[in-house]
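Protein sequences appear in the order of chains A and B.
When we follow my numbering, the leftmost residue of the first sequence carries the number 1, and every step to the right adds one.
When we follow my numbering, the leftmost residue of the second sequence carries the number 1, and every step to the right adds one.
Just so you know, these hints were derived from the structure itself, not from any lab.
You may find that some hints are simply not true.
[To be verified] Facing chain A, from chain B, some residues (calculated, C-beta under 10 angstroms):
(1) A95
(2) G98
(3) S160
(4) D171
(5) L177
(6) K181
(7) V182
This one's a predicted model, so the numbers in the text were calculated from it and none came from an experiment.
We treat Cβ as the ideally placed atom computed from N, Cα and C, and that holds for glycine.
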Amino acid sequence: MEPLLTVDAISMIFGGLRAVDSLSMNVMLGEIHSLIGPNGAGKTTVLNVISGFYKPTEGKVLFDNKLIQGSNSSTISRAGLARTFQNVRLFKELTVLENVQIGMYALVKEGIIGTVFHTPYFRKVNKASVEECMALLEMVGLKDKASLRARNMSYGQQKVLEIARALAQKPKLLLLDEPAAGLNDTETFELIKLVRQLQGKGITVLLIEHNMRLVMNLSDRITVLNFGKKIAEGNPDVIQNNEEVIQAYLGKRRAYA
Amino acid sequence: MIQLLISGLAMGSIYALVALGIVVIANAVNVVNFAQGENVMLGAYVAATLTLTLHLPILAAYAISIILLALYGYIFQKVAYYPLRKKPFITVVVATIGVSMFLKNAARIVWGPQPIYFAGPFGESMIRVGGVSINAQNILIIVVTLALVVFQHFFFAKTSLGRQMQATAQDQEAATLMGIKVSRMIAFTFIYSSMLAAAAGVLLAPIFYVSADMGANLGLKAFAASIIGGFGSVPGAILGGLFLGVLEIFAAAYVSSLYKDAFAFIVLILILAFMPRGLFGEKISTKV
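Construct all of the structure, not just a fragment, from the sequences and the given hints.
Here it is as structure tokens:
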């Protein structure tokens, strides 16, 4: 297996705080990789560095064999990296379908003339993209909600809509920031199925999550952060039995999955 | 009575166009553009110069004026917005006030202090409908404004460019992550807003002399109209503009034309005091 994403000794310093301290990790092509750790360990900071919101103070990020650290987020997203947010950030005044379409726009080259005057070429491309978006909505179970405004969706629906929007970008790597937070048990179960389905389609997933049942159930590999440093890495069995991880984060021994 | 209503609606349409230009930018980048009135003046002067000095056909002059203002909108955001985009709200607002003063004084130098009369495509002709004669220009203003409003609705709701601009207005960071070129969308928003200003300028010119001072009052009234309608709301800006236009004309006709402007601002104060969300702010809060 080859790495799709390589994080090479990145540090992120905010004022005097080392939020991330020379972290290195590889996300392999096709795997579901989780990043876990206590609150404030620097997980979301890592995601923000990868997706281009922050330029790391030190270190390199390679995606698909290209250096991306410090690149503009929109360039990174066009390279095939999509993400969701810990606090849902949909375009709330647009409809469910439009939110997903937005994810696809960067891929569709239709030109200004086409978008304003609806040339036959535009109509053809547009029809195909609407069908693709509807297929994505069906996959996350929101097909019948397509024409409703995003802000009228329940929290759980908004979370999966965000995933559908990210998928519309046809990503190679999908970053999910706490996708299960705020979901009930049924929704969490559906989410596990969905992420497995994505892996089946060849999408690599990097996941931040506090729901250990989901993490242990889904992950091929897990990286554990504490105070910005990597304290352990390995498959779920290794992580669950690592003394340092248990002390810092997992607490008393118990079986997940 | 009908004549008054029509001229009120015509003036209101102009306020609505200017208010739309202000609201579209406010929603996209959270800046109140106090130069919008001067942008209208610029559009009117450009069209007047093209017709009166260069003797171009009037419709060609309109089109060129709108195109030049589009270019101006791009430069405006590059100069007055882009370098300040990370600064606090008030910094950018002051920059737009600076641009408005610059434009007003530059216009005075270039075109002189004398107001210019610039007739519309119909000159002074009147349309007679059932014993009432109506200024043809007023009808033109109302019709064109209506068409622009329909176009804008279609543009933002149905085209991918419009939706990307909406997405940018709603959440810039998330839009960036969708691969949307946010700074380009913001530039488009300023360009669109300046084109609206040019349209308002050429429409207004025949019923208002073209002068360096025409923009100041207009920008302020349009801002008031957008607040009366509910700031940030597109339907609110349109309805607020129409309401203000009609109110002014009736106040001028039945009370006193001297206090015409005062009425606009009295209503603004009353709305701010008793309905701070504006007349239509709560119910229809669609952005862009």
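query = Which of the listed hints are not met by the structure?
reply = 1, 2
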